[in-house]
Amino acid sequence: MRIAIGCDHIVTDIKDKIIEMLKANKIEVIDCGTNDFKRTHYPIYGHQVAVNVVTKKADFGIVICGTGVGITNSAQKVKGARVVLAKDVLTAIDARQKYDANVVGFGGRIIGIGLMYEIIESFIEAKYLGKNDALINQIDSIVEKENYDSKIFDDEKHKWDQGFYN
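Just remember that this note's numbering sits 394 ahead of the position in the sequence shown, which is counted from 1.
Hints were generated in silico from the structure; no laboratory data involved.
By construction, the Cβ of each residue, glycine as well, lies at the ideal position given by its N, Cα and C atoms.
Hints may contain errors.
Said to hold, decoys possible - Distance windows between CB atoms, simulated: (1) Gly524 / Asp407: 34 to 42 Å; (2) Arg433 / Lys525: 38 to 46 Å; (3) Thr449 / Gln491: 20 to 28 Å; (4) Lys492 / Lys432: 35 to 43 Å; (5) Lys539 / Asn429: 27 to 35 Å; (6) Asp407 / Asn531: 35 to 43 Å.
Starting from the given sequences, assemble the full structure and let the hints guide the process.
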């Protein structure tokens with residue numbers, strides 16, 4: 395199994411700990427960043443995780459920011475990504491079983507790492523029950539075109555590199 399993971403600068407340490415836990419359980423990890431605590435533009439990392447999942451480079455994705463809201467919303471904008479912001483095990487399982495969710499998001503300042511990892515384990519163990527294909531196709535059709543090219547962030551990356559954002 396391969397999981398893509400990404401975060402913003404606020405929770406890099408949490409992402410790194412989750413990566414350690416995944417690797418200890420023999421799960422291959424694609425680390426999409428960020429990799430330090432320097433302020434960054436989190437939609438880049440949510441997008442990269444979702445693209446890795448929908449292009450089948452990863453089986454599942456994990457996105458983490460302070461509350462989970464921003465990075466989860468950015469990952470959700472990738473065609474084919476079905477993202478759940480989870481604060482409990484039941485929500486994650488329900489999202490997998492009923493909606494074939496493929497990315498789970500967390501607020502690193504909202505829930506502890508132990509619960510986060512329990513949710514991840516439950517999320518990847520749960521299986522889609524195959525009962526909502528028409529509904530899932532309808533949800534997936536909301537994003538009309540594939541948007542897998544990360545060049546959409548080139549201008550933002552340049553601004554960040556130039557110190558435009560403080």
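Comparing the hints with the structure gives:
1. For Gly524 and Asp407, the Cβ-Cβ distance of about 38 Å falls inside the hinted range of 34 to 42 Å, so the restraint holds.
2. For the hinted restraint 38 to 46 Å between Arg433 and Lys525, the CB-CB distance of approximately 43 Å keeps it satisfied.
3. At about 24 Å, the beta-carbon gap between Thr449 and Gln491 stays in the expected band of 20 to 28 Å.
4. Distance hint for Lys492 and Lys432: a CB-CB separation of about 39 Å, consistent with the stated range 35 to 43 Å.
5. At roughly 30 Å, the beta-carbon separation of Lys539 and Asn429 lies within the given 27 to 35 Å, and the hint holds.
6. Between Asp407 and Asn531 the C-beta distance comes to about 39 Å, which sits within the given range of 35 to 43 Å.
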